[in-house]
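S.K.: Could you put together the complete structure from these sequences and hints?
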Amino acid sequence: MTEKKTFYKKKYTEKEIVSELEQYLAEQKLPPNTMIAPASRLSLRYNVSPATVNRAIDRLVERRILYRVQGSGTFTARAVEAERRLRIGLFMRNTGMDRSDLYGQVAFGNQNTMFQQYFQRAGHDCSFYFHQLPFPPEQLAGIRLYDFDAVIILKGHASRENSELLKKFNIPVVMIMDDKVSRSDFHQVIFNFEPGFRKLLAHLREMGHRSFLIAGNEPGRTDAILEAADNLGIPRRNFEHQFCKGYRTEYWHTVESAYTIAEYYLTNRPRFSAIMSTSDYISRGIIDYLSGKGLEPGRDYAISSYDNFEKQGMLIHGARPILTSITHPLERLTLETVKLTISEAVAPSGVKHIVEVLADELDIRASTRLKIKTNRGETCIEKK
Numbered sequence: 000m001t002e003k004k005t006f007y008k009k010k011y012t013e014k015e016i017v018s019e020l021e022q023y024l025a026e027q028k029l030p031p032n033t034m035i036a037p038a039s040r041l042s043l044r045y046n047v048s049p050a051t052v053n054r055a056i057d058r059l060v061e062r063r064i065l066y067r068v069q070g071s072g073t074f075t076a077r078a079v080e081a082e083r084r085l086r087i088g089l090f091m092r093n094t095g096m097d098r099s100d101l102y103g104q105v106a107f108g109n110q111n112t113m114f115q116q117y118f119q120r121a122g123h124d125c126s127f128y129f130h131q132l133p134f135p136p137e138q139l140a141g142i143r144l145y146d147f148d149a150v151i152i153l154k155g156h157a158s159r160e161n162s163e164l165l166k167k168f169n170i171p172v173v174m175i176m177d178d179k180v181s182r183s184d185f186h187q188v189i190f191n192f193e194p195g196f197r198k199l200l201a202h203l204r205e206m207g208h209r210s211f212l213i214a215g216n217e218p219g220r221t222d223a224i225l226e227a228a229d230n231l232g233i234p235r236r237n238f239e240h241q242f243c244k245g246y247r248t249e250y251w252h253t254v255e256s257a258y259t260i261a262e263y264y265l266t267n268r269p270r271f272s273a274i275m276s277t278s279d280y281i282s283r284g285i286i287d288y289l290s291g292k293g294l295e296p297g298r299d300y301a302i303s304s305y306d307n308f309e310k311q312g313m314l315i316h317g318a319r320p321i322l323t324s325i326t327h328p329l330e331r332l333t334l335e336t337v338k339l340t341i342s343e344a345v346a347p348s349g350v351k352h353i354v355e356v357l358a359d360e361l362d363i364r365a366s367t368r369l370k371i372k373t374n375r376g377e378t379c380i381e382k383k
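At position 157 of the sequence shown (counting the first as 1) the number is 156 in numbering that gives the first Met the number 0, and the numbers step up by one without a gap.
No lab work stands behind these hints: they were computed from the structure. Small disclaimer: the values here were computed from a predicted structure and weren't measured. Glycine included, each C-beta is placed from N, C-alpha and C at the ideal position.
Here are the simulated DSS-like pairs of lysine-lysine, each with C-alpha atoms no more than 30 Å apart in a straight line: (1) Lys179 x Lys198; (2) Lys244 x Lys310; (3) Lys310 x Lys370; (4) Lys28 x Lys14; (5) Lys28 x Lys338; (6) Lys310 x Lys292; (7) Lys154 x Lys198; (8) Lys154 x Lys166; (9) Lys198 x Lys244; (10) Lys179 x Lys338; (11) Lys167 x Lys351; (12) Lys370 x Lys198; (13) Lys179 x Lys166; (14) Lys338 x Lys14; (15) Lys310 x Lys198; (16) Lys28 x Lys10; (17) Lys154 x Lys338; (18) Lys166 x Lys351; (19) Lys310 x Lys338; (20) Lys244 x Lys179; (21) Lys292 x Lys244; (22) Lys179 x Lys154; (23) Lys167 x Lys179; (24) Lys351 x Lys338; (25) Lys370 x Lys292.
Ranges of calculated distance between the beta carbons of each label pair, as one might list FRET restraints: (26) Ser71 x Glu295: 48 to 56 Å; (27) Glu355 x Arg54: 17 to 25 Å; (28) Arg209 x Glu15: 50 to 58 Å; (29) Arg209 x Thr266: 16 to 24 Å.
M.R.: And the structure:
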């Protein structure tokens, strides 16, 4: 009987893959901007998972031997470009700059710090310009935009006049903080709120909730709630939407503005089994008002929110986190924006990139944990 031969294929470590790829790229002397094989193919070569190959490629990207282009692939970088220190211009909103507004610092000020830290770690410089939306075109025209290798701009600053001006300088522009793809020639990093609200609605439905008061002034998040309801088969007639009056995205203005929604809820309380707030600013106002009337969240009514300031140590009510919330993925958006901006500044791809950041992290807390029961067409919290 002939003995069957067994062949063993070596399984490479991440470190070995980095070394082999680096040696191969040096020996082949590939031209700048040459696309290398995808991770799926390299994983077969090295007998590992694509995730291991991607981690190895990440190391070479950090060393600026390679660079990635979202949606296109991984390429060899020019040595002269890899060593060049980029200068990035950021046109942001001055909300959150006031140190007395702690919620504003979490929602907006922290993002500016993250941008600065991420660019510094990558060895690049950034300059900030702050203004309420939109940025005045005459002020933008007075800035030496030709000094920048790339620009990051808030959606609200990208007016028609400002967009036309930026196009003249032929530099990469990345537009951020929108919740849908815009008609623009710029790269875009956008939020997708639907996954988080789908998780939240599934949780509320499991707890017995069937009728919802949407409290908020953020149309994109309200649309995401209704889209999530469609995906879960919850009729839209089960939702009612109330806006704040005099709403602004600063904490001290918003708490009192949200009182109008709390009053409406109190008057129509039997019609709703849960409040779905689209912002922790609004949630704080509703909870404060109802607490003044002797109603406590999680004991007398159910309320959920978006932002999750409590995860950042900013308490909404009492001495411990109580508010079921979807986390605003601001850090993920910031990191994806930095990666895309550097990639396009180093080697413009000629392709408009749309990067979607999912708001899909839900923290379930006491404000929605009590189940409800229905009694003669009215909903009430089932107390235990």
